Amino acid sequence: MAMRGITKAYPGCLANDAIDLKLEAGQIHALLGENGAGKSTLVKILYGLLQADSGSIEWCGKPVTIGSPASARELGIALVFQHFSLFESLSVLENISLGMAVAANRRLEDKIIEVSSRYGLPLDPSRQVYTLSVGERQRIEIVRCLLQSPKLLIMDEPTSVLTPQEVSDLFVTLRRLAAEGVAILYISHKLNEIKALCSEATILRGGKRVASAIPDEQSTRSLAALMMGDEIEVPERESRTPSNKVMLQLDNVSLPATELHGVPLTDINLSLHAGEIVGIAGVAGNGQDELMQVISGEVRLLNEHALQIDGKPAGALSPGERRIQGLCTVPEERLGHASVPAMTLSDNVFLTAHNRTGLLTGGLINKTKTNRFAQKVIEQFNVQCNGRRSMASSLSGGNLQKFIVGREIEQQPSVFVVSQPTWGVDAGAAAAIRKSLQAMANAGTAVLVVSQDLDELMLISDRIAALCAGQLSSVYLTTDMTVQHLGLLMGGASISEEATA
Amino acid sequence: MNIDSTMLVMIALSVISAATPLIYAAIGELVVEKSGVLNLGIEGMMLAGAVSGFGVGHLSGSSFLGVLAGIIAGMLLAMLFAFLTLNLRTSQVATGLALTIFGIGLSALVGKSLIGIAYAGVPTYAVPFLSDLPVAGPLLFQHNLLVYGSVALVVLVSIFLKYTRAGLILRAVGDSPESAHALGYPVMAVRYIATLFGGACAGLAGCYLSMAYTPSWQEEMTAGRGWIALALVVFATWQPGRLIFGAYLFGGFTILQLHAQAMGINVPSQLMSMLPYIATIVVLVIISRDSGRIRKNAPASIGQAFHPTK
Amino acid sequence: MISLQARVEPSKLMGFAAPVIALALTVLAGLILFALLGVPLDKAFYSFFIEPLSSTYELSELGVKAAPLIMIAIALSIGYRANVWNIGAEGQFILGAICGGAVALFFYEIEAWYILPLMVLAGMLGGMLWAAIPALLRTQFNANEILTSLMLTYIAVLLLSLLVNGPLSDPDGYNHAESRMFHAAATLPIILEGTRLHIGAPVALLLVVVVWVLLSRTLLGFALKVNGIAPRAGLYAGFTQKRLIWFSFLFCGAVAGCAGLFEVAGPIGLLLPEISPGYGFTAIIVAFLGRLHPVGIVFAGLVVALSTLGGEAAQINLNLPLAVTGVFQGMLLFFLLATDVLINYRVVWRATGSRA
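Chains as they are written, first to last, in my numbering: chain A, 1 to 501; chain B, 1001 to 1310; chain C, 2001 to 2356.
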């Protein structure tokens, strides 16, 4: 397959700028780039979901037009999306049938069982999807593709939801497929994986193809440099001596799962000290949301002593009351949770700051004070926007995150808990956010960071633990930790295993 | 209390008759909701169907043409609803309510000259042999075609949803329009068709009221049945089988209050008339508590506008 | 190929222009409809636009009809902003009339200053009670409030009929389904000589101001707005949805009940089986037409009241059924919903061939 000169523009953004890409049978080819580099757009064009403004595609030497996913499938192109297109109330069989435009009959059922077991991805066709875990759901997507005997398999950020063990299982499957002659386009920004798996790499940055490389001949540092462009300052690990004062304490916090595929929290124990940064690593879907909600107060605990802020029982307090006690949180979802998309930045400041910073006078909203606060956040944190009257939804991901984090930091909390602080944020903003977190800790705030980004956690946290299936591992000094050990903990290694690891 | 079998049969027939418009309206709304659309304008569509069916049937002398007109009237209003909510992405709640008020008004306007006219009614069809059976004969096999049609329609819809590919696609669209769109299925088209079907059924329900139930036309003759049909769909947890059961149950309540006096129950008629509404509330409360069951069958995307991202 | 593209920020221009365009389109469509039905257009125009505004009396009637609409609509708008869909305002209106009217009949022939205030209080409590039921069912059992509040409306109508035919009926009334006429101390004072205009009108305007302040300047108003747009953000901020549901329903119940009491203690003067020309439902339309904004609701209320008066005039002059007002109100809402789209979306011409 070859793509030549693919260009695609959107109002205000050139997603793909004359990109060339070539793939051979049996090759595992990496498509590398940061968030927003244009990988998704290129792949959507290849799969027929989008049409390029200009450029051409060749398949087995012949020029083709891929007008729809159906035509892509006809050619033998299969795509496993990063975000699954699954129907929760329907069965596995029905989902695969819909994904393949094939009747949901006995023959399909048998084929599913056969293919899924052959490639080490066991599936029960009759189960309804809402009962399955995230890893199992990905299996559905993969099996759906494999059933079409594809010649080109595109994997879009497949490992963002997998444990390290599941990742290596996936690699085994992919290598077997490549050996059978299938070409694999592997989209990712995880450099270690690409070095381990792929034989070739095409690197995108800012919509352009900036390089091709052979991962074996590169180090992760050089690949990162190709991907990022500029020399990024790799912040030195700061060392810090936290105080002995425990600002946030969780004692045996347990919570049954509230939703169908929620994760129950079991016996979470955590002591967060003033002036330290503790990181909690974990693959998404292992209880991070639930833990965040327990800490923020969106979910109350039956035993109010199980959670203490600065020594005082807080398990039954509302989010507003916790803010008054000094606890500020930032949830993972920016639009719709941490901020209201259709409201101005001023209003969004009022959203959480009204508790701690006296923005209410005599029962009425003090607009002057609120506007001043918003302006301060915008300036201090370099938020690119059309002023405090712009809608939250009009800000880019990175700027919105800077605003949200800034809003909480400006309230000068004594405990600060943030989830996925730099996910989907451009490198410059990410560095700024990390700097702010470190500055806070240096000033004496107790900081807790929940993140999927292991490199980030290893960099900024003083102590680190892993969350897996709602259980928290022991907390270790980061200097005593390795990524491999962390990966094991994230995969659910038990306490006894920890001892011997 | 003096009840004999003839009287029981009569009551049962009334129940079936009362339930039929509910069945039509509800099965149509069930399909619409399964595709993820919430249509609060059923009352308006029913009235449009009622007045059109009666009018055309009266003018042309043919019940068939009347029913056809009623169906088309329902579908026209449904098309308006679909255009606003699907193409222009207006609020489904607001649009549905506007449609109800509009339908009530428009049908009253159009039907002004039809008030007071008598109508022959839809012909009944007695199934040969079976209709001569004692008790079961008159009870089950001597109805007019619209009654048979309602049961047949429910069976067809049930088969359609469970066993056909198109039904599967419909359910998928209601479950997650984003996923369906990502897989290349025409979400808008599916919802459009479902909405039109719902309009046709509501029109049929209205037809039945004006042409068979009380062969006559009156302003607002649906008397809230459209809303009961909405409740019925939730009561049935979006399953056709349970829907028929619920319709007969609700129809039963309506009839009960008419015959209560004759059966020796001495309660003011208004209290009896309240029963269907109270029953609906009770049922709503009972099933709403069981969120698990709702999740299994409820179309997850209901009421939310779908914004396809390109 | 026309398609819709989301604007980065809502267009302020269209915010003002859309309702005007919608109104114009409605008038146009109405004229076309009348032309098709063979209704004389000049007479129609006169009935709808000239006659209702032609005298002081007519203008006061506008106030009489608009007051309850504006009162109820403004109360509804609070709930609707928070995605709490109270469709049962009609039932709450009726319960207010029942309870307040019952107090009036209880004090029959007694002259005292406290009767009217007591009636108003009873009316508000009655409406609140009726509104508390869907609120309870929603917060405790997660029952859809659209259906429960609606069912309760039909029950309220039947309840009124029951009472007026039974316990509350006029003993000297020859078995008519009506109560005694309220005596002087139980009747609302007229504020304009020679009209039926009562304190409902100023109360409605006062309520508009109160709600405006509530929505734009108080924490409660902020919470209502946030929960309507992004419930998760509301939870994160610490706003409890349950409390907002209760407030929305109880506030609306009190206001609707009060409006109901005003109607029977004012223009009607007694209890009848039919005391409302659908005020509770029409108020929903008014709320949407006013786009849930206090100022918009005042205008929308006046426009809708005008169409109601126009409908009555048309009934007399043109022999049209009263329900014709429903046609106009429905059309107006349709056009408004349609033109509203232009506020948040831009219409874009896209050449065919570049769509997936």
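The set of hints was computed from the structure by calculation and includes no laboratory data. These numbers were taken from a predicted model, which means no experiment stands behind them. Note that CB positions come from ideal geometry on N, CA and C, so glycine has one too. One should not assume that every hint holds.
Where chain A lies over chain B, by a calculated footprint (3+ residues, C-beta under 8 Å) [claimed, not checked]:
| no. | segment |
| --- | --- |
| 1 | 1164-1175 |
| 2 | 1179-1187 |
Pairs of lysine-lysine, DSS-like flavour, derived with a Cα cap of 30 Å [as the list claims (entries may be wrong)]:
| no. | chain 1 | residue 1 | chain 2 | residue 2 |
| --- | --- | --- | --- | --- |
| 3 | A | K208 | A | K151 |
| 4 | A | K208 | A | K245 |
| 5 | C | K2012 | A | K369 |
| 6 | C | K2043 | B | K1112 |
| 7 | A | K367 | C | K2242 |
| 8 | A | K195 | A | K22 |
| 9 | A | K62 | A | K208 |
| 10 | A | K62 | A | K22 |
| 11 | C | K2242 | A | K312 |
| 12 | A | K111 | A | K208 |
| 13 | A | K151 | A | K195 |
| 14 | A | K312 | A | K208 |
| 15 | A | K367 | C | K2012 |
| 16 | C | K2012 | A | K376 |
| 17 | A | K208 | A | K195 |
| 18 | B | K1162 | A | K111 |
| 19 | A | K245 | A | K312 |
| 20 | A | K245 | A | K111 |
| 21 | A | K22 | A | K208 |
| 22 | A | K22 | A | K151 |
| 23 | A | K435 | A | K376 |
Against the structure, the hints come out as follows:
{"no.": "1", "hint": "1164-1175", "result": "holds (count 6)"}
{"no.": "2", "hint": "1179-1187", "result": "holds (count 6)"}
{"no.": "3", "hint": "K208(A) / K151(A)", "result": "26 Å, holds"}
{"no.": "4", "hint": "K208(A) / K245(A)", "result": "51 Å, violated"}
{"no.": "5", "hint": "K2012(C) / K369(A)", "result": "25 Å, holds"}
{"no.": "6", "hint": "K2043(C) / K1112(B)", "result": "19 Å, holds"}
{"no.": "7", "hint": "K367(A) / K2242(C)", "result": "27 Å, holds"}
{"no.": "8", "hint": "K195(A) / K22(A)", "result": "19 Å, holds"}
{"no.": "9", "hint": "K62(A) / K208(A)", "result": "25 Å, holds"}
{"no.": "10", "hint": "K62(A) / K22(A)", "result": "13 Å, holds"}
{"no.": "11", "hint": "K2242(C) / K312(A)", "result": "27 Å, holds"}
{"no.": "12", "hint": "K111(A) / K208(A)", "result": "41 Å, violated"}
{"no.": "13", "hint": "K151(A) / K195(A)", "result": "23 Å, holds"}
{"no.": "14", "hint": "K312(A) / K208(A)", "result": "54 Å, violated"}
{"no.": "15", "hint": "K367(A) / K2012(C)", "result": "21 Å, holds"}
{"no.": "16", "hint": "K2012(C) / K376(A)", "result": "27 Å, holds"}
{"no.": "17", "hint": "K208(A) / K195(A)", "result": "22 Å, holds"}
{"no.": "18", "hint": "K1162(B) / K111(A)", "result": "21 Å, holds"}
{"no.": "19", "hint": "K245(A) / K312(A)", "result": "13 Å, holds"}
{"no.": "20", "hint": "K245(A) / K111(A)", "result": "60 Å, violated"}
{"no.": "21", "hint": "K22(A) / K208(A)", "result": "15 Å, holds"}
{"no.": "22", "hint": "K22(A) / K151(A)", "result": "14 Å, holds"}
{"no.": "23", "hint": "K435(A) / K376(A)", "result": "18 Å, holds"}
When each numbered hint is compared with the structure, violations occur for hints 4, 12, 14, 20.
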